[in-house]
Amino acid sequence: MQLRLGRFNLMNNEEEYAEEFSVNDTIVHEGYRPTTLENDIAILRVEIPIIFNDYIQPVCLWKRDDGFDLPNVYNQPGTVVGWGLSENNRIGTTLNEAQMPVVNSWTCLASDRAFFGRFLQSKAFCAGYKNGELFYDAYIDWVYENTPTSGNDDPILGHPNMRLINQGNCGRNEHMPEMDEDRKPILNQYPWMVVLQAKTTTEYVPCNGVLLNRNYVLTAECYDLQYEITATLGDYDTSRTKDCGKVYGNMQCLSAVQTVSVSQFIRKDDLVLVRLSDPADIGRRQNIEAICLPVTPEQRIRLYNRYIMTGWKESGSDATILQRALLEAIGLNKCRAKFKGRIDSKTICVWNLEDPNRSVACNDYTPGSALQAIDQKSKRYLLYGVLRYISYCSVPEQYIAISEYLLWILDNIRR
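As numbered in our numbering, residues 1135 to 1549 make up the sequence shown, in order.
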């Protein structure tokens, strides 16, 4: 079964904000009777978490403990929203709403005893006008009992700050999943990349970073990282304030970059969580977006054979342009042999596919460069690592494994 969210017109299968989710569990009410439609209600669980945005939001449920019961809403207007038959008994293709009052059971039965007498039970109420054909079940208790509303056993998915990451259009991938990464344009393909630079420095980029949400950037410990740092968002060519380039033969110009100061650094091991002094313009500039983090149990433990690295170089003729490299993963045992045992599970080791004898650092990529992969289910980019500044050229490159620090990230981010 597939769920499609963010829909409006069912005839338009290319709606920009529509998203599809696979269902992996169906909870049918234990008292369901198909002959009478009694207890005709079910809860569906999707495979991956749904990311809320302006077009996909959860509904509010009637609280059980607020002292407000059904008789209090009799004769009050309610709104029914959905797709179905129109007033002319034609199937409507667009989302509609209708206003109607809630009525008591006696009024409902009086309008059509033969019909409603078959279906009306204690867990149901009627809504509509006289001679109408609408009535709706109320199963708030059952929904509460079968939906984890007060938390999740998983320490990551159940964390109260989960709502602060993986928001909206994070990790967007506007290309077909089967398209090779090296065939995609780099311009505006990785809008979560951030330039972290000392205010007095214009000759080089001391650090790369990755945007997590409107307020936070993730990077690695840098030799020049101090409190007089600015973050530039939405950049591609650091020598320009507005980028233009050809994408599939067509000239495309992006919005101007956003430069903000940094208000706080939070450190753990070689990882640094950077808080911005002003929110990132996510959703208002097409070249600024956050990346997704691997939060589900399946995403956290998954190992890829190949990763995508993006970042700016410290020096060279192309140092001002955002670069991309495809990297091949190396098993930890093989990596430990190269580094004589100085590698733990908090590290991802990779080779540069273009030149296995030279690591990425030999090409002067700066710390904080992003190691990412495309999730097979959501088709979004997930951040799996950031480059640790170790300048070896004859051994694999080391990236800090983000999945090992998810709880630390969630514990330290704020609104």
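The set of hints was computed from the structure by calculation and includes no laboratory data.
Be a bit skeptical, because a hint or two may be false.
As the list claims (entries may be wrong) - Calculated cross-link-like contacts (lysine-lysine; reagent style BS3-like; alpha-carbon spacing at most 30 angstroms):
no., residue 1, residue 2
1, LYS1468, LYS1380
2, LYS1474, LYS1402
3, LYS1376, LYS1480
4, LYS1318, LYS1402
5, LYS1474, LYS1380
6, LYS1513, LYS1318
7, LYS1472, LYS1376
8, LYS1468, LYS1376
9, LYS1318, LYS1511
10, LYS1480, LYS1511
11, LYS1480, LYS1468
12, LYS1380, LYS1402
13, LYS1513, LYS1472
We went through each hint and held it up to the structure:
{"no.": "1", "hint": "LYS1468 <-> LYS1380", "result": "violated (41 angstroms)"}
{"no.": "2", "hint": "LYS1474 <-> LYS1402", "result": "holds (24 angstroms)"}
{"no.": "3", "hint": "LYS1376 <-> LYS1480", "result": "violated (37 angstroms)"}
{"no.": "4", "hint": "LYS1318 <-> LYS1402", "result": "violated (34 angstroms)"}
{"no.": "5", "hint": "LYS1474 <-> LYS1380", "result": "violated (46 angstroms)"}
{"no.": "6", "hint": "LYS1513 <-> LYS1318", "result": "holds (15 angstroms)"}
{"no.": "7", "hint": "LYS1472 <-> LYS1376", "result": "violated (43 angstroms)"}
{"no.": "8", "hint": "LYS1468 <-> LYS1376", "result": "violated (44 angstroms)"}
{"no.": "9", "hint": "LYS1318 <-> LYS1511", "result": "holds (20 angstroms)"}
{"no.": "10", "hint": "LYS1480 <-> LYS1511", "result": "holds (25 angstroms)"}
{"no.": "11", "hint": "LYS1480 <-> LYS1468", "result": "holds (15 angstroms)"}
{"no.": "12", "hint": "LYS1380 <-> LYS1402", "result": "violated (40 angstroms)"}
{"no.": "13", "hint": "LYS1513 <-> LYS1472", "result": "violated (34 angstroms)"}
Hint check: violations occur at hints 1, 3, 4, 5, 7, 8, 12, 13; the rest are consistent with the structure.
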